[in-house]
Every structure is written in structure tokens, then in C-alpha cells.
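> As they're listed, the protein sequences go chains A and B. Using the working numbering, read the first sequence as starting at 1 and increasing by one per residue. Using the working numbering, read the second sequence as starting at 1 and increasing by one per residue.
Worth flagging that the hints you see were computed from the coordinates, not collected in a lab. A couple of the hints might just be wrong.
Just the calculated beta-carbon pair ranges, DEER-fashion [said to hold, decoys possible]:
{"id": "1", "chain 1": "B", "residue 1": "Ala9", "chain 2": "A", "residue 2": "Asn66", "range": "39 to 47 Å"}
{"id": "2", "chain 1": "A", "residue 1": "Asp3", "chain 2": "B", "residue 2": "Gln55", "range": "22 to 30 Å"}
{"id": "3", "chain 1": "A", "residue 1": "Ser65", "chain 2": "B", "residue 2": "Ser5", "range": "36 to 44 Å"}
{"id": "4", "chain 1": "A", "residue 1": "Ser5", "chain 2": "B", "residue 2": "Asn66", "range": "39 to 47 Å"}
{"id": "5", "chain 1": "B", "residue 1": "Asp3", "chain 2": "A", "residue 2": "Asn66", "range": "35 to 43 Å"}
{"id": "6", "chain 1": "A", "residue 1": "Ile28", "chain 2": "B", "residue 2": "Lys50", "range": "17 to 25 Å"}
{"id": "7", "chain 1": "B", "residue 1": "Ile28", "chain 2": "A", "residue 2": "Ile13", "range": "33 to 41 Å"}
{"id": "8", "chain 1": "B", "residue 1": "Glu1", "chain 2": "A", "residue 2": "Glu70", "range": "35 to 43 Å"}
{"id": "9", "chain 1": "B", "residue 1": "Ile28", "chain 2": "A", "residue 2": "Gln55", "range": "23 to 31 Å"}
{"id": "10", "chain 1": "B", "residue 1": "Asn66", "chain 2": "A", "residue 2": "Asp3", "range": "37 to 45 Å"}
{"id": "11", "chain 1": "B", "residue 1": "Ile28", "chain 2": "A", "residue 2": "His53", "range": "15 to 23 Å"}
{"id": "12", "chain 1": "A", "residue 1": "Asp49", "chain 2": "B", "residue 2": "Thr16", "range": "20 to 28 Å"}
Covered by chain B, per the in silico footprint, the following chain A stretches (three or more residues, Cβ under 8 Å) [what the hints assert, rightly or not]:
{"id": "13", "segment": "32-42"}
{"id": "14", "segment": "49-55"}
We treat Cβ as the ideally placed atom computed from N, Cα and C, and that holds for glycine.
Protein chains: 2
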Amino acid sequence: EGDISAGKAGSAICATCHGANGIATMPIYPNLAGQNYEYLVSALTAYRDKQRHGQMAMIMQMQASNLSDEDIRNLSAFYSSLKPE
Amino acid sequence: EGDISAGKAGSAICATCHGANGIATMPIYPNLAGQNYEYLVSALTAYRDKQRHGQMAMIMQMQASNLSDEDIRNLSAFYSSLKPE
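Next comes chain A alone, as it looks inside the complex:
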């Protein structure tokens, strides 16, 4: 699995929509706190690989476009480690 602290360090921009604690700042965005690690890796990879389209996906395609596999593992480890509310 990924490195939680490296994921936290790389999550500043994600926090704008998904919250610093993984609770989304707007209800159209998903909460990520406590989400499953493997699912987060698969979803982030799908955005990076432009397999998710449509209105909201465009934002995430851009955000994920420069992520390495390691970045994806670290961010996924960080968000899955947070306590859902």
C-alpha cells in the first residue's frame, strides 16, 4: 500500500474539494475519508487514464493527469486512513 504521510503532503489541492479531513466541501463531491484503498486507486487511475467522462469527471481528469502510480497509492492510503463521519 501507499505512504500515508506522503499522501497527506500531496493532498493540499485535493482538500479544496474533498476537505483536509476527507469530508467533501460540497455535496456534489464525494467524501473520501475511510473509503477503500483499492477502490480509490482504481478510481484515481480511471480518471488519470481518461476512462471517466462527463461533467464532474473533467475536473478530476485534470487533477489526476500528472499523478504517478506512487502518488496515487500515497493519496489513496492517506484518504482511506481517515475516519469517516
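Fit chain B to the known structure of chain A by using the hints.
Only chain B this time, still in chain A's reference frame:
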């Protein structure tokens, strides 16, 4: 918003992967308990409209293909009403 009890009644097949309580039965599937209603509506609609592709999306495209807008609102209301763990 949707009808929670109608959503619960229609969620039997969803529970196979997402759990009767919205906690996924396998870590490659997302937990849905306590997820944001608007996000769930947008994600289910994206699967129904075949805007999400790739490995895992195929399963959800099939599941969502026959859902009406009302079904989507009800399922989203049900899962967002559940307590995340």
C-alpha cells in the same frame, strides 16, 4: 431528494458488492454508507449514461443501465442515509 425506504427496497442487488449497510464486501468496491447524495446521483447517472469506462465500470454500467432517475434518487437517498464506519 429520493425516498429512503424505496431505495432500500431496490438495493438488494447492490448489497452483493456494496453491502446491505453500505460497507463494501470487497475493498475494490467503494463504501457507499454516508456518501454525499448529490455525488451518488451524479456517479450512478454517469454509469447509466456510459460515461464511466474501464475494468470495474463495466459491472456498474450493467447494474445502472435500467435505473430510472427516480430509482437513482431513491438508491442515493438510501445509501447517503446510512452511517459510515
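> Go ahead and decide if the range 37 to 45 Å is satisfied by the Cβ distance of asparagine 66/B to aspartate 3/A.
Holds, at about 42 Å.
> Mind checking the hinted window 39 to 47 Å against the Cβ distance between alanine 9/B and asparagine 66/A?
holds, 44 Å
> Does the Cβ distance between isoleucine 28/B and glutamine 55/A fall inside 23 to 31 Å?
Given a distance of about 25 Å, which is inside 23 to 31 Å, the answer is holds.
> When I compare C-beta atoms, does the segment 32-42 of chain A have three or more residues closer than 8 Å to chain B?
Satisfied; 8 residues make the cut.
> Taking the Cβ atom of isoleucine 28/B and the Cβ atom of isoleucine 13/A, is their distance within the range 33 to 41 Å?
Given about 26 Å between the Cβ atoms, the range is violated.
> Does the segment 49-55 of chain A contain three or more residues whose Cβ lies closer than 8 Å to a Cβ of chain B?
Per the Cβ count (6), the hint holds.
> Between the beta carbons of glutamate 1/B and glutamate 70/A, is the distance compatible with 35 to 43 Å?
holds, 39 Å
> Between isoleucine 28/A and lysine 50/B, does the C-beta distance stay in 17 to 25 Å?
holds, 20 Å
> If I claimed the Cβ atoms of aspartate 49/A and threonine 16/B lie 20 to 28 Å apart, would that claim hold in this structure?
Check passed, 26 Å falls within 20 to 28 Å.
> Starting from the range 39 to 47 Å, see whether the pair serine 5/A and asparagine 66/B falls in it by beta-carbon distance.
Given a distance of about 44 Å, which is inside 39 to 47 Å, the answer is holds.
> Does 36 to 44 Å hold as the CB distance between serine 65/A and serine 5/B, or does it fail?
holds, 42 Å
> Between the beta carbons of aspartate 3/A and glutamine 55/B, is the distance compatible with 22 to 30 Å?
holds, 25 Å
Hint 7 from the list above is the single one not met by this structure.
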